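Novice: Order-wise, the sequence lines are chains D and Y. Using numbering that gives the first Met the number 0, you'd call the opening residue of the first sequence number 0 and step up by one each time. Using numbering that gives the first Met the number 0, you'd call the opening residue of the second sequence number 0 and step up by one each time.
Since the hints were made in silico from the structure, they are not lab data. There could be a bad hint or two in this list.
Stated by the list, open to error - Some residues of chain Y that are not near chain D, with every Cβ distance over 12 Å (derived):
#	residue
1	M18
2	K206
3	T218
4	K356
5	M360
Claimed, not checked - As a list, the in silico DSS-like pairs of lysine-lysine whose alpha-carbon atoms are at most 30 Å apart:
#	chain 1	residue 1	chain 2	residue 2
6	Y	K259	Y	K242
7	D	K147	Y	K353
8	Y	K282	D	K207
9	Y	K356	D	K207
10	Y	K287	Y	K241
11	D	K104	Y	K259
12	Y	K356	D	K144
13	D	K133	D	K207
14	Y	K193	D	K108
15	Y	K190	D	K104
16	Y	K37	Y	K190
17	Y	K16	D	K104
18	Y	K190	D	K108
19	Y	K242	D	K207
20	Y	K353	D	K207
21	Y	K353	Y	K16
22	D	K147	Y	K16
23	Y	K259	D	K108
24	D	K144	Y	K282
25	D	K404	Y	K241
26	D	K144	Y	K37
27	Y	K37	Y	K242
28	Y	K259	Y	K193
29	Y	K282	Y	K259
30	D	K404	Y	K356
Note that this is a predicted model, so its numbers are computed, not measured. Quick reminder that beta carbons are idealized off the backbone N, C-alpha and C, glycines included.
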Amino acid sequence: MSTIAPQFRLSRFIASLFDLIFWVLLIFSLVGLPIVFIILFYIKLPIINGQLMTPYLSMTWMADPSRTLPIVKNFIHTTIFRVMVFPGFGFAALLAAATIFVERKFLAKIQLRVGPLYCGKIEGILQLMGDGFKLMSKEIIIPAKADKPIFWMGPLLFVGAAGAFVSLIPVAPGWVVANPNVGLLAVFAVIGFFPIIAVLTAWAANSKWTFIGGLRALHQMVAFEIPLILSLLGVVILSGSLNLSQIVESQQHFWWITFVPIGAIVFFITIFAELERIPFDLPEAESEIVAGWLTEFSGMMYGLIQLGTYLKLYAFAGLFVVLFLGGWNGPMVWPPFPQDIITNGITIGPVTAKFPGLPLFDQQMLNGTLWFVIKTVGVILLILLPRGVFPRVRMDIALHTGWYKLIGLAFINIFIALGLLYAGVLGPGGLLQ
Amino acid sequence: MTTQLPPGMHLETVDDKIMTLNVGPQHPGSGHMRLIIKVDGDYIVSCDPDPGYVHRGEEKMAEYRNYIQNIPHLERPVIHDSSNILYPYCLGVEELLGIEVPERAKYIRVIAAELNRCVYILYWLAIYGIFLGHSTMFMWPAGDRELFIDLLEAMSGARVTHAYLVPGGVRNDLPSNFEERCLRQVAYFEKRLKEYEDIFYQNPLLKARTEGSGILSRTDAIRLGTTGSVLRASGVDFDVRKKEPYDVYENLDFQTVVMKEGDSYARSRIPYLEMFESCRIIKDALKKMPKSGSVRTKLKPNPKGGNDEVYRRVESGRGAIGYYIVSNNRPEPYRVKISVGSFRNLICMPYLLKGEKLGNMPAVYWGLNYWPVEADR
Chain D
0 MSTIAPQFRL
10 SRFIASLFDL
20 IFWVLLIFSL
30 VGLPIVFIIL
40 FYIKLPIING
50 QLMTPYLSMT
60 WMADPSRTLP
70 IVKNFIHTTI
80 FRVMVFPGFG
90 FAALLAAATI
100 FVERKFLAKI
110 QLRVGPLYCG
120 KIEGILQLMG
130 DGFKLMSKEI
140 IIPAKADKPI
150 FWMGPLLFVG
160 AAGAFVSLIP
170 VAPGWVVANP
180 NVGLLAVFAV
190 IGFFPIIAVL
200 TAWAANSKWT
210 FIGGLRALHQ
220 MVAFEIPLIL
230 SLLGVVILSG
240 SLNLSQIVES
250 QQHFWWITFV
260 PIGAIVFFIT
270 IFAELERIPF
280 DLPEAESEIV
290 AGWLTEFSGM
300 MYGLIQLGTY
310 LKLYAFAGLF
320 VVLFLGGWNG
330 PMVWPPFPQD
340 IITNGITIGP
350 VTAKFPGLPL
360 FDQQMLNGTL
370 WFVIKTVGVI
380 LLILLPRGVF
390 PRVRMDIALH
400 TGWYKLIGLA
410 FINIFIALGL
420 LYAGVLGPGG
430 LLQ
Chain Y
0 MTTQLPPGMH
10 LETVDDKIMT
20 LNVGPQHPGS
30 GHMRLIIKVD
40 GDYIVSCDPD
50 PGYVHRGEEK
60 MAEYRNYIQN
70 IPHLERPVIH
80 DSSNILYPYC
90 LGVEELLGIE
100 VPERAKYIRV
110 IAAELNRCVY
120 ILYWLAIYGI
130 FLGHSTMFMW
140 PAGDRELFID
150 LLEAMSGARV
160 THAYLVPGGV
170 RNDLPSNFEE
180 RCLRQVAYFE
190 KRLKEYEDIF
200 YQNPLLKART
210 EGSGILSRTD
220 AIRLGTTGSV
230 LRASGVDFDV
240 RKKEPYDVYE
250 NLDFQTVVMK
260 EGDSYARSRI
270 PYLEMFESCR
280 IIKDALKKMP
290 KSGSVRTKLK
300 PNPKGGNDEV
310 YRRVESGRGA
320 IGYYIVSNNR
330 PEPYRVKISV
340 GSFRNLICMP
350 YLLKGEKLGN
360 MPAVYWGLNY
370 WPVEADR
């Protein structure tokens, strides 16, 4: 006999199941439905596909998958989907989470370790989730003499600014959260927020280590922002546009990295300083200033900063791909969706299922996303690699690199771009126009 | 200020521009000590090391135990270098008690001391790497250290605190296949050492950061009484193994590594180059060692020293370790004074850090080959 349930009887089990179902139905119909209707009375119901989304209608749709698909398709074209799911936060957070896991395994392989191994059975795939739950369950400690509102605001502002950065990156043709005509200027504006947030939180924490770390962050980011902006001007000159989508479209035949490689290298180096990654992780140098401007953060506040950092990493890698590596452009490898399924439906035995709005995304968009993700992951891996190879630099060497060497290289890059433009090799809008 | 301060205390007046930082004892870059650092912007104005957080009274404890009982606790200050810190004690007690050590035991002792030196230097190198932000240089030495720990485990039975050297020889003989295994692992380790050179010592960012920082001139190095790798990095050719050879070091083929620069880079490179010499010594000693024979002279139970005193020193991973032992016709020593390399190297830290940038602090501090637990004894 089983030792787990020695008194087990099937009849009792079935009786208890029916009992459970009865009570669930009773409570749902007596309490649940009235509450739902009371709430719905005050909420404006959305109109999807020309129909008012009443609860009965939504249940009807849920029961019939062929009617659900148009609803999903309509939802995909709403703004909220773009912000929350695909080119926006959800997609970026998923890539960022994958980046953290890959970084840990990748670094472990360099250092002859195994990395996360046990959590989630398969190569520690759930380690990140475990870390997240740990951070959430930890107490948030705020220093007694801290400026509390600003201290609380710091991580939220950081994630907000990183999210704003993510929203400007075009992923596939037409798939971008915000597409202003001065997209690159908006990127520069968002990047300019990060040192302010670092200094604000560092000052608000009222600690010596955060103060030194905040000042270091300010110095470093300002020193590297100028070469960053100058290095991207070459691309603007060649493509003749500040709109990121148009810059991608101008690279249909040639990637800009082939014409302005110096600008790409300068931009790539400044990414490390902006992300505070080794070799430029001076604002968080643990052997000198504990954890720099992050010293006093604990629990989920630290978790939010980490989330923001990795969103920023994704956004910078995406920006590199958009500006230099041709964005979503690439050979068409995604198979076209078979049209006969939509017209004739699939016949399995006696049942014929018709899916009226089946292709949720068109072929162009899926192919573009695939190429964008492949290129972005490649750039992210290149950004992760130096952590296993380089030591930290010193503050004066970092500033010397930023103010002196990189700015000089960025100017050379601008002159190369101007020369290409005025020699008639390249015109605004691409090589062949 | 109206309140009266207690006698002996005074208020310190400092410039508004100067910030006082307490680096330690709970700072990730400090170790078991505290540095009171005053900074003006990014520059260090003054540095005041404050050791003593892990003082355990080893010298006093030694006065209450007899010569054999003293062995295990005297190696506790540097458990990573336990053979070397016991070595001068064993030499001194042998001189006090008049014990002859068998020839094979002398070679085994040298092998144990050199293996342990490599274990210590690898541990130090790991810490040096991670404090300069190079995480691969933390993982690689910490992993390769296992090679030597396994060898020492085969010799002595313990992985870290061996208590292998005893007055009169070593505790037990080598296992049967030790020579072959040791040569194989040392050959593999020499290959690995060359990879350290590529990833760490020839790294342009490391060179930019450490070359020319914290320069200790030759005269200052002698005047401040530094020892070990710090002294040799400043161009002084001094190694106790060469200048006052003990046991069989005079028969063995090795060189003293000396660099003239005296900066942080030289100080970090000397111990690394010494590991090559240690490998040479191990291979040479295995070749010249008598293949059989006694490894331990039998002592009388509870041996008494005469009315005598003795001072012996050896070269450890951090410099010269000296033991001054006084006996007064009793089984316990009357006084045991340990002079350790760590403490003597710490003395030059305020001189080196003054006027340096704050970012140079970890490089200078850990370049001094300082082990806080040993300095506090």
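Novice: Each of the hints needs a verdict: does it hold here or not?
Specialist: For each hint, the structure was consulted:
1. Residue-level check failed: Y:M18 sits 6 Å from the nearest beta carbon of chain D, not beyond 12 Å.
2. The Cβ of Y:K206 does not lie farther than 12 Å from every Cβ of chain D; its closest approach is about 10 Å, which violates its non-interface assignment.
3. The Cβ of Y:T218 sits about 27 Å from the closest Cβ of chain D, beyond the 12 Å cut-off, so the non-interface label holds.
4. Listed as a non-interface residue, Y:K356 fails to keep its Cβ farther than 12 Å from every Cβ of chain D; the least gap is roughly 6 Å.
5. Here Y:M360 does not stay apart from chain D, with its beta-carbon only about 6 Å from theirs, under the 12 Å limit.
6. About 19 Å separates the Cα atoms of Y:K259 and Y:K242, which keeps this hinted pair within 30 Å; it holds.
7. With a CA separation close to 37 Å, the supplied pair D:K147 and Y:K353 exceeds the 30 Å bound.
8. About 52 Å separates the Cα atoms of Y:K282 and D:K207, which puts this hinted pair outside 30 Å; it is violated.
9. With a C-alpha separation of about 17 Å, the suggested pair Y:K356 and D:K207 falls inside the 30 Å cut-off, and the hint holds.
10. For the suggested pair Y:K287 and Y:K241, the alpha carbons sit about 18 Å apart, so the restraint of at most 30 Å is met.
11. Restraint check: the Cα-Cα separation between D:K104 and Y:K259 comes to about 41 Å, which exceeds 30 Å; the hinted pair is violated.
12. Restraint check: the Cα-Cα separation between Y:K356 and D:K144 comes to about 29 Å, which is no more than 30 Å; the hinted pair holds.
13. The straight-line distance between the Cα atoms of D:K133 and D:K207 is roughly 27 Å, inside the 30 Å bound, and the hint therefore holds.
14. Only pairs whose Cα atoms come within 30 Å are accepted, and Y:K193 paired with D:K108 is accepted, the gap being roughly 19 Å.
15. Distance check on the hinted pair: Y:K190 and D:K104 sit about 25 Å apart at the alpha-carbon level, within 30 Å; holds.
16. For the given pair, Y:K37 sits about 43 Å from Y:K190 by alpha-carbon distance, which is inconsistent with the 30 Å threshold.
17. Distance hint between Y:K16 and D:K104 is unfulfilled; the C-alpha atoms sit about 45 Å from each other, more than 30 Å.
18. This hinted pair checks out: Y:K190 and D:K108 have alpha carbons roughly 19 Å apart, not beyond 30 Å.
19. A distance of roughly 48 Å separates the Cα atoms of Y:K242 and D:K207; the hinted pair therefore is violated under the 30 Å criterion.
20. A threshold of 30 Å between alpha carbons decides the hint, and for Y:K353 with D:K207 the separation of about 20 Å falls inside it, so the pair holds.
21. Taking the CA atoms of Y:K353 and Y:K16, the gap is about 16 Å. The hint holds against a cut of 30 Å.
22. Among the hinted pairs, D:K147 with Y:K16 is consistent with the structure: their alpha-carbon atoms are about 26 Å apart, no more than 30 Å.
23. As the CA atoms of Y:K259 and D:K108 are separated by approximately 37 Å, the hinted pair breaks the 30 Å bound.
24. Using a Cα cut-off of 30 Å, the hinted pair D:K144 and Y:K282 is violated, with the two alpha carbons roughly 61 Å apart.
25. A hinted pair counts as satisfied when its Cα atoms are at most 30 Å apart, and D:K404 with Y:K241 does not qualify at roughly 48 Å.
26. With a C-alpha separation of about 23 Å, the suggested pairing of D:K144 with Y:K37 holds against the 30 Å cut-off.
27. Annotation: proposed proximity of Y:K37 to Y:K242 is violated, straight-line Cα distance about 40 Å (limit 30 Å).
28. The suggested pairing of Y:K259 with Y:K193 holds, with an alpha-carbon distance near 22 Å, which does not exceed 30 Å.
29. For a cut-off of 30 Å, the pair hint linking Y:K282 to Y:K259 stands: about 28 Å separates their Cα positions.
30. The straight-line distance between the Cα atoms of D:K404 and Y:K356 is roughly 21 Å, inside the 30 Å bound, and the hint therefore holds.
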